[in-house]
Amino acid sequence: MNNPSARFTRFLNDFQNVIIGSILQTDGKADLFINHVHENNGRTSMFQLQALARIRKKLHKDQLALDLLEHFKMIEDAIGKYDYWKVYRELNSKWALPLEILQHIEKEEEISRQNLLDTLSTLGYIKIESDRVIYNPDTINNLRSKITLAEQFDQKKEKMKLLKFFCKELEKIQSAIVNNELDLNQIEEGVHEFRRKARWLGIYSSALLGKVRLSSSDIDGTLSEFLTPENENVQFNQLPFNNEQISPLYFLRGGFYALSTIINEIGTIKDKGLATEEMVKLGSIYNISKTEIKACLGSDFSEHNEVVSRTKELIEEFLIKKKILIEIKDYFQSQL
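Plus 209 on top of the position in the sequence shown (first one is 1) and you've got my numbering.
Please keep in mind that the hints were generated in silico from the structure rather than gathered at the bench. From the three backbone atoms N, C-alpha and C, an ideal C-beta is built for every residue, glycine too. Not one of these hints is a red herring.
Restraint ranges, calculated between C-beta atoms of paired labels, are given here: (1) Ser433 <-> Asn345: 49 to 55 Å; (2) Val296 <-> Gln447: 20 to 26 Å; (3) Asn389 <-> Gly507: 33 to 39 Å.
Working from the sequences, and respecting the hints, build out all of it.
Right, dumping it as C-alpha coordinates:
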(Lines of atoms letter the chains of each structure in order from A and count residues from 1; the text may use other names and numbers.)
(Lines give C-alpha, C1' and ligand atoms only; values in the text may rest on other atoms or scores of the structure.)
Protein backbone atom coordinates (compact mmCIF):
# COMPACT_ATOMS: atom_id res chain seq x y z
CA MET A 1 0.00 0.00 0.00
CA ASN A 2 1.85 3.05 -1.26
CA ASN A 3 -0.87 5.59 -0.46
CA PRO A 4 -1.03 6.27 3.29
CA SER A 5 -4.81 6.71 3.07
CA ALA A 6 -5.07 3.06 1.99
CA ARG A 7 -3.91 2.04 5.48
CA PHE A 8 -6.88 3.76 7.07
CA THR A 9 -9.15 2.15 4.48
CA ARG A 10 -7.74 -1.30 5.22
CA PHE A 11 -8.50 -1.09 8.95
CA LEU A 12 -11.85 0.63 8.42
CA ASN A 13 -12.74 -2.31 6.19
CA ASP A 14 -11.60 -4.69 8.93
CA PHE A 15 -13.84 -2.97 11.47
CA GLN A 16 -16.72 -2.94 9.01
CA ASN A 17 -16.30 -6.70 8.65
CA VAL A 18 -16.32 -7.06 12.44
CA ILE A 19 -19.60 -5.14 12.69
CA ILE A 20 -21.30 -6.98 9.83
CA GLY A 21 -19.95 -10.36 10.93
CA SER A 22 -21.11 -9.81 14.51
CA ILE A 23 -24.60 -8.91 13.30
CA LEU A 24 -24.78 -12.04 11.15
CA GLN A 25 -23.48 -14.27 13.97
CA THR A 26 -26.10 -13.01 16.42
CA ASP A 27 -29.00 -12.48 14.02
CA GLY A 28 -28.73 -8.83 15.04
CA LYS A 29 -29.72 -9.46 18.66
CA ALA A 30 -28.56 -6.40 20.58
CA ASP A 31 -27.90 -8.33 23.80
CA LEU A 32 -25.43 -10.65 22.02
CA PHE A 33 -23.90 -8.31 19.42
CA ILE A 34 -21.33 -6.55 21.62
CA ASN A 35 -19.74 -9.76 22.85
CA HIS A 36 -19.12 -10.78 19.24
CA VAL A 37 -17.60 -7.38 18.39
CA HIS A 38 -15.18 -8.04 21.24
CA GLU A 39 -14.51 -11.68 20.32
CA ASN A 40 -14.00 -10.77 16.65
CA ASN A 41 -11.10 -8.45 17.59
CA GLY A 42 -12.87 -5.16 17.01
CA ARG A 43 -10.49 -3.55 19.48
CA THR A 44 -7.47 -4.53 17.36
CA SER A 45 -8.84 -2.60 14.38
CA MET A 46 -9.41 0.43 16.60
CA PHE A 47 -5.87 0.26 17.99
CA GLN A 48 -4.50 0.28 14.43
CA LEU A 49 -6.74 3.16 13.36
CA GLN A 50 -5.87 5.10 16.49
CA ALA A 51 -2.18 4.51 15.77
CA LEU A 52 -2.55 5.92 12.25
CA ALA A 53 -4.43 8.93 13.62
CA ARG A 54 -1.71 9.54 16.22
CA ILE A 55 0.94 9.40 13.52
CA ARG A 56 -1.02 11.74 11.26
CA LYS A 57 -1.41 14.18 14.15
CA LYS A 58 2.39 14.43 14.46
CA LEU A 59 3.20 14.40 10.74
CA HIS A 60 0.43 16.63 9.34
CA LYS A 61 -0.77 18.54 12.40
CA ASP A 62 -4.24 18.93 10.85
CA GLN A 63 -7.78 18.99 12.22
CA LEU A 64 -8.59 15.72 10.48
CA ALA A 65 -6.01 13.90 12.61
CA LEU A 66 -7.47 15.34 15.81
CA ASP A 67 -11.00 14.39 14.78
CA LEU A 68 -9.97 10.87 13.79
CA LEU A 69 -8.02 10.34 17.00
CA GLU A 70 -10.94 11.43 19.18
CA HIS A 71 -13.34 9.26 17.17
CA PHE A 72 -11.29 6.06 17.23
CA LYS A 73 -10.20 6.50 20.85
CA MET A 74 -13.82 6.83 21.96
CA ILE A 75 -14.60 3.41 20.47
CA GLU A 76 -11.40 1.75 21.66
CA ASP A 77 -11.92 3.06 25.21
CA ALA A 78 -15.47 1.69 25.22
CA ILE A 79 -14.31 -1.73 24.00
CA GLY A 80 -11.49 -1.65 26.54
CA LYS A 81 -13.86 -0.99 29.44
CA TYR A 82 -16.08 -3.87 28.33
CA ASP A 83 -13.02 -6.10 28.02
CA TYR A 84 -11.90 -5.12 31.53
CA TRP A 85 -15.05 -6.37 33.26
CA LYS A 86 -15.69 -9.28 30.90
CA VAL A 87 -12.24 -10.71 31.62
CA TYR A 88 -12.78 -10.48 35.39
CA ARG A 89 -16.14 -12.21 35.09
CA GLU A 90 -14.53 -15.01 33.07
CA LEU A 91 -11.60 -15.32 35.49
CA ASN A 92 -14.07 -15.91 38.29
CA SER A 93 -14.46 -19.47 37.00
CA LYS A 94 -11.16 -20.17 38.78
CA TRP A 95 -11.30 -17.42 41.40
CA ALA A 96 -14.73 -18.29 42.85
CA LEU A 97 -15.20 -14.82 44.35
CA PRO A 98 -17.96 -14.14 46.88
CA LEU A 99 -21.35 -13.67 45.26
CA GLU A 100 -21.53 -9.96 46.09
CA ILE A 101 -18.34 -9.23 44.14
CA LEU A 102 -19.36 -11.42 41.21
CA GLN A 103 -22.70 -9.63 40.95
CA HIS A 104 -20.89 -6.27 41.07
CA ILE A 105 -18.61 -7.37 38.21
CA GLU A 106 -21.57 -8.63 36.16
CA LYS A 107 -23.35 -5.31 36.67
CA GLU A 108 -20.29 -3.34 35.53
CA GLU A 109 -19.94 -5.64 32.52
CA GLU A 110 -23.55 -4.96 31.54
CA ILE A 111 -23.08 -1.19 31.96
CA SER A 112 -19.96 -1.26 29.77
CA ARG A 113 -21.73 -3.46 27.20
CA GLN A 114 -24.58 -0.96 26.93
CA ASN A 115 -22.10 1.93 26.76
CA LEU A 116 -20.28 0.33 23.82
CA LEU A 117 -23.59 -0.33 22.07
CA ASP A 118 -24.61 3.31 22.61
CA THR A 119 -21.21 4.54 21.40
CA LEU A 120 -21.41 2.59 18.13
CA SER A 121 -24.97 3.81 17.64
CA THR A 122 -24.17 7.45 18.45
CA LEU A 123 -21.18 7.47 16.09
CA GLY A 124 -23.35 6.04 13.32
CA TYR A 125 -21.93 2.55 12.82
CA ILE A 126 -25.20 0.84 13.69
CA LYS A 127 -28.90 1.50 14.13
CA ILE A 128 -31.00 -0.24 16.76
CA GLU A 129 -34.59 -1.04 15.92
CA SER A 130 -36.76 -3.21 18.19
CA ASP A 131 -33.68 -4.59 20.00
CA ARG A 132 -32.11 -5.53 16.65
CA VAL A 133 -28.79 -4.18 15.42
CA ILE A 134 -28.65 -3.00 11.80
CA TYR A 135 -25.42 -2.01 10.06
CA ASN A 136 -25.21 1.63 8.99
CA PRO A 137 -22.57 2.23 6.28
CA ASP A 138 -22.70 6.04 6.45
CA THR A 139 -19.97 6.63 9.04
CA ILE A 140 -17.33 4.38 7.47
CA ASN A 141 -18.12 5.71 3.98
CA ASN A 142 -17.78 9.27 5.26
CA LEU A 143 -14.47 8.51 6.98
CA ARG A 144 -13.10 6.87 3.83
CA SER A 145 -13.99 9.95 1.77
CA LYS A 146 -12.40 12.41 4.18
CA ILE A 147 -9.19 10.39 4.44
CA THR A 148 -8.89 9.86 0.67
CA LEU A 149 -9.17 13.61 0.04
CA ALA A 150 -6.67 14.57 2.75
CA GLU A 151 -3.05 15.58 2.17
CA GLN A 152 -0.63 12.67 1.76
CA PHE A 153 3.17 12.54 1.54
CA ASP A 154 5.11 10.66 -1.10
CA GLN A 155 7.03 7.59 0.07
CA LYS A 156 10.42 9.23 0.53
CA LYS A 157 9.11 12.28 2.37
CA GLU A 158 6.94 10.09 4.58
CA LYS A 159 9.95 7.93 5.44
CA MET A 160 11.97 10.91 6.66
CA LYS A 161 9.09 12.23 8.72
CA LEU A 162 8.42 8.80 10.24
CA LEU A 163 12.06 8.33 11.19
CA LYS A 164 11.97 11.64 13.07
CA PHE A 165 8.63 10.67 14.62
CA PHE A 166 9.97 7.37 15.98
CA CYS A 167 13.13 9.06 17.29
CA LYS A 168 11.05 11.65 19.13
CA GLU A 169 8.72 9.04 20.64
CA LEU A 170 11.67 6.97 21.86
CA GLU A 171 13.31 10.06 23.37
CA LYS A 172 10.10 10.96 25.22
CA ILE A 173 9.73 7.50 26.76
CA GLN A 174 13.39 7.37 27.81
CA SER A 175 13.13 10.87 29.28
CA ALA A 176 9.95 9.98 31.17
CA ILE A 177 11.84 7.18 32.92
CA VAL A 178 15.16 8.93 33.50
CA ASN A 179 13.52 12.13 34.78
CA ASN A 180 10.88 10.32 36.86
CA GLU A 181 8.03 11.84 34.87
CA LEU A 182 6.16 8.55 35.32
CA ASP A 183 5.48 7.51 38.90
CA LEU A 184 6.37 3.83 38.80
CA ASN A 185 5.16 3.49 42.39
CA GLN A 186 1.64 3.62 40.94
CA ILE A 187 0.32 0.67 38.94
CA GLU A 188 -2.24 2.40 36.70
CA GLU A 189 -0.62 5.84 36.29
CA GLY A 190 2.97 4.55 36.25
CA VAL A 191 3.50 0.88 35.41
CA HIS A 192 0.54 0.61 33.04
CA GLU A 193 1.23 3.99 31.45
CA PHE A 194 4.85 3.06 30.70
CA ARG A 195 3.69 -0.16 29.07
CA ARG A 196 1.13 1.74 26.98
CA LYS A 197 3.77 4.14 25.67
CA ALA A 198 6.17 1.32 24.81
CA ARG A 199 3.44 -0.78 23.20
CA TRP A 200 2.45 2.02 20.83
CA LEU A 201 5.85 1.71 19.13
CA GLY A 202 4.95 -1.80 18.02
CA ILE A 203 1.40 -0.86 17.06
CA TYR A 204 2.67 2.04 14.94
CA SER A 205 5.05 -0.32 13.15
CA SER A 206 2.28 -2.81 12.42
CA ALA A 207 -0.33 -0.22 11.40
CA LEU A 208 1.99 1.23 8.76
CA LEU A 209 1.49 -1.99 6.75
CA GLY A 210 4.96 -2.64 5.42
CA LYS A 211 6.44 0.84 5.71
CA VAL A 212 8.40 -0.43 8.72
CA ARG A 213 10.58 -3.51 8.35
CA LEU A 214 12.85 -5.26 10.80
CA SER A 215 16.57 -4.91 10.17
CA SER A 216 18.64 -7.89 9.10
CA SER A 217 19.78 -10.00 12.04
CA ASP A 218 23.54 -9.48 11.61
CA ILE A 219 23.73 -5.81 12.66
CA ASP A 220 22.19 -5.77 16.12
CA GLY A 221 25.35 -5.67 18.21
CA THR A 222 24.60 -5.51 21.92
CA LEU A 223 20.96 -6.56 21.44
CA SER A 224 21.77 -9.74 19.52
CA GLU A 225 20.88 -11.78 22.63
CA PHE A 226 17.21 -11.21 21.76
CA LEU A 227 17.57 -12.75 18.29
CA THR A 228 16.21 -16.13 19.28
CA PRO A 229 13.86 -18.53 17.45
CA GLU A 230 11.36 -18.03 20.26
CA ASN A 231 11.26 -14.26 19.73
CA GLU A 232 11.18 -14.73 15.97
CA ASN A 233 7.92 -16.66 16.30
CA VAL A 234 6.11 -14.29 18.68
CA GLN A 235 3.04 -12.94 16.89
CA PHE A 236 3.67 -9.38 18.09
CA ASN A 237 7.09 -9.56 16.38
CA GLN A 238 5.64 -10.21 12.92
CA LEU A 239 5.34 -7.08 10.78
CA PRO A 240 3.37 -6.88 7.51
CA PHE A 241 5.46 -6.91 4.33
CA ASN A 242 4.66 -4.76 1.31
CA ASN A 243 6.48 -5.44 -1.97
CA GLU A 244 5.34 -2.10 -3.39
CA GLN A 245 7.03 -0.11 -0.64
CA ILE A 246 10.17 1.42 -2.19
CA SER A 247 11.18 3.59 0.78
CA PRO A 248 10.81 1.51 3.95
CA LEU A 249 12.39 2.38 7.27
CA TYR A 250 14.07 -0.27 9.38
CA PHE A 251 13.41 -1.02 13.04
CA LEU A 252 16.39 -2.56 14.84
CA ARG A 253 15.38 -6.23 15.01
CA GLY A 254 17.00 -6.99 18.37
CA GLY A 255 15.48 -3.80 19.77
CA PHE A 256 12.03 -4.74 18.52
CA TYR A 257 12.30 -8.18 20.11
CA ALA A 258 13.63 -6.68 23.36
CA LEU A 259 10.76 -4.20 23.40
CA SER A 260 8.17 -6.95 22.95
CA THR A 261 9.84 -8.95 25.73
CA ILE A 262 9.57 -6.19 28.33
CA ILE A 263 6.05 -5.29 27.18
CA ASN A 264 4.97 -8.91 27.64
CA GLU A 265 6.65 -9.36 31.02
CA ILE A 266 5.32 -6.10 32.45
CA GLY A 267 1.89 -6.94 31.03
CA THR A 268 1.73 -10.13 33.07
CA ILE A 269 2.89 -8.34 36.22
CA LYS A 270 0.56 -5.40 35.66
CA ASP A 271 -2.52 -7.55 35.03
CA LYS A 272 -2.13 -9.35 38.35
CA GLY A 273 -1.51 -6.08 40.16
CA LEU A 274 -4.56 -4.36 38.69
CA ALA A 275 -6.76 -7.41 39.36
CA THR A 276 -5.61 -7.51 42.97
CA GLU A 277 -6.24 -3.78 43.47
CA GLU A 278 -9.70 -4.01 41.91
CA MET A 279 -10.81 -7.08 43.85
CA VAL A 280 -9.49 -5.74 47.16
CA LYS A 281 -11.35 -2.47 46.48
CA LEU A 282 -14.56 -4.36 45.73
CA GLY A 283 -13.99 -6.46 48.83
CA SER A 284 -13.86 -3.33 50.97
CA ILE A 285 -17.28 -2.30 49.62
CA TYR A 286 -18.84 -5.58 50.73
CA ASN A 287 -16.83 -6.09 53.95
CA ILE A 288 -14.80 -8.95 52.50
CA SER A 289 -11.27 -9.10 53.87
CA LYS A 290 -8.09 -8.88 51.86
CA THR A 291 -7.16 -12.32 53.22
CA GLU A 292 -10.30 -13.82 51.69
CA ILE A 293 -9.63 -12.06 48.38
CA LYS A 294 -6.09 -13.42 48.38
CA ALA A 295 -7.37 -16.95 48.93
CA CYS A 296 -9.74 -16.58 45.96
CA LEU A 297 -7.17 -15.11 43.54
CA GLY A 298 -4.45 -17.59 44.45
CA SER A 299 -1.46 -17.18 42.11
CA ASP A 300 -3.17 -14.17 40.47
CA PHE A 301 -2.87 -12.20 43.72
CA SER A 302 0.04 -9.75 43.66
CA GLU A 303 0.87 -7.19 46.32
CA HIS A 304 1.39 -3.60 45.19
CA ASN A 305 5.04 -3.51 46.26
CA GLU A 306 5.76 -6.73 44.33
CA VAL A 307 4.36 -5.23 41.11
CA VAL A 308 6.31 -2.01 41.55
CA SER A 309 9.55 -3.74 42.52
CA ARG A 310 9.52 -6.21 39.62
CA THR A 311 8.61 -3.51 37.09
CA LYS A 312 11.43 -1.26 38.26
CA GLU A 313 13.86 -4.18 37.96
CA LEU A 314 12.81 -4.81 34.36
CA ILE A 315 13.02 -1.14 33.42
CA GLU A 316 16.44 -0.85 35.03
CA GLU A 317 17.64 -3.92 33.12
CA PHE A 318 16.17 -3.07 29.72
CA LEU A 319 16.19 0.74 29.55
CA ILE A 320 19.11 1.73 31.75
CA LYS A 321 21.60 -1.15 31.49
CA LYS A 322 20.81 -2.51 28.03
CA LYS A 323 19.68 0.92 26.75
CA ILE A 324 17.23 -0.66 24.31
CA LEU A 325 15.37 2.57 23.54
CA ILE A 326 18.60 4.45 22.92
CA GLU A 327 19.88 1.65 20.66
CA ILE A 328 16.63 1.67 18.69
CA LYS A 329 16.64 5.46 18.38
CA ASP A 330 20.26 5.54 17.22
CA TYR A 331 19.47 3.00 14.51
CA PHE A 332 16.54 5.08 13.26
CA GLN A 333 18.75 8.17 13.44
CA SER A 334 21.35 6.52 11.21
CA GLN A 335 18.75 6.28 8.42
CA LEU A 336 18.08 10.03 8.29
